[in-house]
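Number of protein chains: 2
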Amino acid sequence: MDFADATAVTPPTDGGGAYDGAVAPGWDIGGNANGGYLLSIAARAMAHAAGRPDPVTLTAHYLSPGKPGALRIETELVKTGKRFATVRAVMRGPEGKAVIAVLGTFGDLDPSAAADAPTSVHAPPPDLPPSDECVAMRRVANSDDGGPPDFMHNIDLRLHPEDAGFMAGERSGTARMRGWFDLRHGQAVDTIGLLTAVDSFPPTIFNLGLPVGWVPTVELTAHVRARPAPGALRCAFTTRFVTGGFLEEDGEVWDSTGTLVAQSRQLALLPRG
Amino acid sequence: MDFADATAVTPPTDGGGAYDGAVAPGWDIGGNANGGYLLSIAARAMAHAAGRPDPVTLTAHYLSPGKPGALRIETELVKTGKRFATVRAVMRGPEGKAVIAVLGTFGDLDPSAAADAPTSVHAPPPDLPPSDECVAMRRVANSDDGGPPDFMHNIDLRLHPEDAGFMAGERSGTARMRGWFDLRHGQAVDTIGLLTAVDSFPPTIFNLGLPVGWVPTVELTAHVRARPAPGALRCAFTTRFVTGGFLEEDGEVWDSTGTLVAQSRQLALLPRG
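Here the protein sequences come in this chain order: A and B. Those letters in the first sequence? Residues 1 to 273, per this note's numbering, in order. Those letters in the second sequence? Residues 1 to 273, per this note's numbering, in order.
It is possible that some hints are incorrect.
Stated by the list, open to error - The calculated DSBU-like cross-link candidates involving lysine-lysine, where the alpha carbons are at most 30 Å apart (straight line), are: (1) A/Lys67 / A/Lys97; (2) B/Lys79 / A/Lys79; (3) B/Lys79 / A/Lys67; (4) B/Lys82 / A/Lys97.
Stated by the list, open to error - Pair by pair, the computed Cβ-Cβ distance ranges are: (5) A/Asp14 / B/Gly209: 33 to 39 Å; (6) B/Gly258 / A/His122: 23 to 29 Å; (7) A/Thr257 / B/Gly51: 45 to 51 Å; (8) B/Ala168 / A/Ala168: 55 to 61 Å; (9) A/Ala70 / B/Thr257: 47 to 53 Å; (10) B/Thr13 / A/Ser256: 55 to 61 Å; (11) A/Lys82 / B/Asp116: 50 to 56 Å.
It should be emphasised that the hints constitute simulated quantities derived from the structure, not laboratory data. Glycine included, every Cβ here is placed at the ideal spot set by N, Cα and C.
All chains, full assembly: derive it from the sequences and hints.
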């Protein structure tokens, strides 16, 4: 199933704000959905409710795991303005349990609208080897080799060789993950797909020597700067501060034309030992 | 009026979730409230609704200016768990107009809880001259010298001399603002006060040569890592990407013991020319 189908939602027919969606078969990871993928589903519903095509800034708080199967996204339009519309939502699982709470502002990132905006860029795109020299991830590290195809079979993720050693127990010592992101099934990544990209890489701190195997996201914020051009995306994620039982993970996503298309930051938890 | 009074809220007496608050006299800037100060007021209400003292991660979307006078904060508890509680809120002005929408997760940042957490810090606190060698801001740049005391008289903001030249038209050329933040009236900054700190400095891009005089915040996210120790806070704000009509502003706040107490990122708008 391709990304568009795997994130499709059905608008309400009763004039309310509740959309139906699902964690699609084969899009989970061992029974749990990726947080960015859940955010993409929520964003489809919210963009429809906003009447604007593109998420500009979107924040999700992760409340419980997203399990395969039906989801309901309860949206509420908070404000609609000339340029932007702000929507909040709660995504719920089959028994009504809250999975994520989301707050987002949507707009139209048609490139012509920003063509005359002043530009000032103070950092380069991540320096990556060509994708065929990177390390393809076909499964989540530590997952069972014999399992059925899952999320990692629907995206095309290739890690910078310097950052991929953790899979063989050789950690780089730098809390960083860089690589190429694309969708399989021949689909281009749109602004909704960027929300999946920013949460698809292994945790940065897998490259540190901390005694941690699991890094749950508390909150993820993504800023979408532009609609990506077709082609694989250059991504980089870094962590500077592991303190107080928390860590941040800062992400950048650049498209094939060298344009910054998204920034992300998540707050994750270091589970108590 | 001190910060605690200027951000106080009155809990609902009807069992609902609506709190009363106000933009206090002298806490506006020429008739509009600072975005971080508004967030502090909202966070007081949300922390009460959450039953947890400290914001851990809080995101606000800015919808209309906060004017001096009464505010209502409509809170809703989305989920309460063992360690955290997640609350969403809309702050409204006198005529019910939405001022900010907020989504936050609250917890207890008592230092004993994090004492045994692994720590890994990859960046130093900002290097600042002693505060008496910094440039005190008593008013917003460009504001009328003859106005009444306002927000800038209630906080103690001292800019790094290298970043303060923009006030005299001498821009550093680097999109950065560093300095000391403290509250006046002898109050220590608590985790709610950090939310004001992260939005109190002049925009970073005042140090670039862009033709911009006004940089409205679309969205601000703050992560609170620890309760600050007493004393002035070291702060640094930087911008790397001014693209597509938007810019991010990344902030760090460190306390007097050299502990990172907050990180922030805001998405701001470059008004169209």
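So, going through the hints one by one against the coordinates:
1. A/Lys67 / A/Lys97: Cα-Cα ~11 Å, so holds.
2. B/Lys79 / A/Lys79: The hint holds at about 24 Å.
3. B/Lys79 / A/Lys67: Holds - the C-alpha atoms of A/Lys67 and B/Lys79 are around 18 Å apart, at most 30 Å.
4. B/Lys82 / A/Lys97: holds (16 Å)
5. A/Asp14 / B/Gly209: 33 to 39 Å: violated (54 Å)
6. B/Gly258 / A/His122: 23 to 29 Å: holds (27 Å)
7. A/Thr257 / B/Gly51: 45 to 51 Å: Because 49 Å falls inside the window, the suggested range holds.
8. B/Ala168 / A/Ala168: 55 to 61 Å: Since the Cβ atoms of B/Ala168 and A/Ala168 sit about 57 Å apart, the hinted range of 55 to 61 Å holds.
9. A/Ala70 / B/Thr257: 47 to 53 Å: holds (50 Å)
10. B/Thr13 / A/Ser256: 55 to 61 Å: With Cβ atoms ~58 Å apart, the hint holds.
11. A/Lys82 / B/Asp116: 50 to 56 Å: Because 51 Å falls inside the window, the suggested range holds.
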